Amino acid sequence: MVDPEEVRRVAHLARLGLAPEDEPAMVSHLDSILAHFEVLQAVDTEGVEPLTHPLATHGQPARDEPVAFPDPRESLVELTEHAREGFFVVPRVLEDAPDDDAPAGEDAHTTTPDDADEDADPAAEFDTVADDDPAREPDVDPSS
Amino acid sequence: MSAADIASRVRAGELDPIVVTEKALARFEERNPVVHAYLDLDREDALQRAAAVSERVSRGEDPGQLAGVPISLKDNIAVAGATLTAGSRILQGYRSPYDAHVTERLVAEGAVLFGRTNLDEFAMGASTENSGFAPSRNPWDRKRVPGGSSGGSAAAVGAGIVPVALGSETGGSIRQPAALCGVTGFKPTYGSVSRRGLVAFGSSLDQIGPLAATAEDAALVFDVITGHDPGDATTTTGKRPSAFLAPTSVEGLRIGIPEEFLDPSVDPHILAQVDQATDLLSEAGAITKVVPAGGLAHANLSIPVYYLVSSSEACSNLARFDGMRYGPRHDDGDLLDAYLATRAGHFGAEVQRRILLGTFALSAGYYDAWYKKALQVRRLVSDEFTTLFKEYDLLAGPTSPVGAFKLGERTDDPYAMYLCDLLTAPACLGGFPSVSVPCGLARKGPYKGLPVGLQLVGRPGEDHVVLAAARAFEAIRGEPERPVVYSAAE
Chain A
1 MVDPEEVRRV
11 AHLARLGLAP
21 EDEPAMVSHL
31 DSILAHFEVL
41 QAVDTEGVEP
51 LTHPLATHGQ
61 PARDEPVAFP
71 DPRESLVELT
81 EHAREGFFVV
91 PRVLEDAPDD
101 DAPAGEDAHT
111 TTPDDADEDA
121 DPAAEFDTVA
131 DDDPAREPDV
141 DPSS
Chain B
145 MSAADIASRV
155 RAGELDPIVV
165 TEKALARFEE
175 RNPVVHAYLD
185 LDREDALQRA
195 AAVSERVSRG
205 EDPGQLAGVP
215 ISLKDNIAVA
225 GATLTAGSRI
235 LQGYRSPYDA
245 HVTERLVAEG
255 AVLFGRTNLD
265 EFAMGASTEN
275 SGFAPSRNPW
285 DRKRVPGGSS
295 GGSAAAVGAG
305 IVPVALGSET
315 GGSIRQPAAL
325 CGVTGFKPTY
335 GSVSRRGLVA
345 FGSSLDQIGP
355 LAATAEDAAL
365 VFDVITGHDP
375 GDATTTTGKR
385 PSAFLAPTSV
395 EGLRIGIPEE
405 FLDPSVDPHI
415 LAQVDQATDL
425 LSEAGAITKV
435 VPAGGLAHAN
445 LSIPVYYLVS
455 SSEACSNLAR
465 FDGMRYGPRH
475 DDGDLLDAYL
485 ATRAGHFGAE
495 VQRRILLGTF
505 ALSAGYYDAW
515 YKKALQVRRL
525 VSDEFTTLFK
535 EYDLLAGPTS
545 PVGAFKLGER
555 TDDPYAMYLC
565 DLLTAPACLG
575 GFPSVSVPCG
585 LARKGPYKGL
595 PVGLQLVGRP
605 GEDHVVLAAA
615 RAFEAIRGEP
625 ERPVVYSAAE
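Protein sequences appear in the order of chains A and B.
Numbering-wise (my numbering), the first sequence opens with residue 1 and increments by one.
Numbering-wise (my numbering), the second sequence opens with residue 145 and increments by one.
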């Protein structure tokens, strides 16, 4: 079902740097799992509407008005050693500009990963999060 | 003492919540070294919370429906200032900046928050062996697993440390450990309990619910945590019927036992206990009937459907854990190197497998064949339940195909672990409420002397009917057996 190359492709999409020594077991497990799941392909689903969510069959649609939510910015920045002046510090992602105006000798660049990652990897499907978006903190469900 | 007893005696001024908490702490000291149910317990915090409830009583206020009841929370449910590891090394050092909605509700009703319970990493597993720290043990036999992923909560209640704990369920993570530890576990209707403050795994499946020593306590806690929350748009609006509204009688209740729940892979001695339980329900006036094969024709496909859907949602939800804002970070190299190394270095093997499985199912060229296909079969499974609910008020069967298995028994083959969800995943796919109630111990076979769970599934929004039936069954069944560790220091 899957070969090592496929697993490496998916691992890159998922931003998982699989260690070479872990790769054979991962390939074998995923291959075996997908072989068991292959049984789905035999089901006749012609004309069946996908069910993405139980609320599609009961409950009510989501409202579209925004809800006030406490801004945990300060407490979150306090949690990491990688912060400066209220911002998260991420590894350098932009090369120095060729002109002399570029700041020299800076070892880190304060930015939002969303902006940064586009250059680092155009294929990114990654939901890199702007640090000022409280609706996306780790214990909040973004798809709710 | 049950949560209901504690609350009523504390409200009446007959029992000091500080004494209740001190006793729970003594049981923790004695039994947690056996079951390893907790990742963290702040003793001072628990005593301070108890003292706050005590003050409310002495001021003449009513501290609420859970007055003085020590309640443990699975370590994927946020408590302001407390750790929130979700069982993962990638969240080591993180502390919640705010309370989950359920936490706010419990505290508002006078509960005393009591420790953080162990779980499989990001709630992915059926034994707690995928915990990023150490596995919990079954209170009935410490060489065996407590089930998972809410295994810490089940072990804490099963060992009698606390009368009730919260867990979360995506494919069976409340009911399966409840069955394996001999406690009651309730997974509410999707949308009846807010997920705000729950670390997201599979957002269209996740639901928080109670694990308790009695069905009455599960109902009591469910009544407190259910309700609309503006912070979770999937919570149902409108007044929910109280869990105590429906009569605690099964008289006239139509209970279907789908042939598919009696799968040949289910241990025969577990089936024997469940048979006996449905006979008891029948003797008490329920109209029980085996639903012929074909009623839930697609339920046996719930494992692939569930793992494809939940892993797809998980790979998106877990994308945020990249070391940039919290948790440890591998910082050598550029941003991409930091992502690759941090995520591979701090997610455990099972979490990595699920992320890869989900990313695969969602990726270009595979989406229709895997993810979309799974969602279509999900619809078929859900529709079959809906059809049966026209004829039956509840569906019954075993909760788990196996009893508490030995540590290490299923860790070599991930698919063998996935099969633990065979009978619980179907209700999750459609968002149906379901309870697991203890129905005795297996008499023979590999799980001899270990607890068996009876599963009841109800219509969406009829959580109160499911819980009332569980309470009725509890009354018919009588006091359940308790493990030795439970009564050691009462």
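Keep in mind the hints are simulated off the structure, nothing from the lab.
Note that this is a predicted model, so its numbers are computed, not measured.
All C-beta atoms, glycine included, are put in the ideal place defined by N, C-alpha and C.
A couple of the hints might just be wrong.
To be verified - Among chain B residues calculated to face chain A with C-beta under 7 angstroms, some are:
no.: 1; residue: R187
no.: 2; residue: L191
no.: 3; residue: Q192
no.: 4; residue: A195
no.: 5; residue: Q236
no.: 6; residue: V251
no.: 7; residue: H372
no.: 8; residue: Y470
no.: 9; residue: D478
no.: 10; residue: R487
no.: 11; residue: L500
no.: 12; residue: F504
no.: 13; residue: L519
no.: 14; residue: Q520
no.: 15; residue: R522
Taking the hints in turn, this is what the structure says about them:
no.	hint	result
1	R187	violated (23 angstroms)
2	L191	violated (24 angstroms)
3	Q192	violated (20 angstroms)
4	A195	violated (25 angstroms)
5	Q236	violated (11 angstroms)
6	V251	violated (16 angstroms)
7	H372	violated (10 angstroms)
8	Y470	holds (5 angstroms)
9	D478	holds (5 angstroms)
10	R487	holds (5 angstroms)
11	L500	holds (5 angstroms)
12	F504	holds (5 angstroms)
13	L519	holds (3 angstroms)
14	Q520	holds (4 angstroms)
15	R522	holds (5 angstroms)
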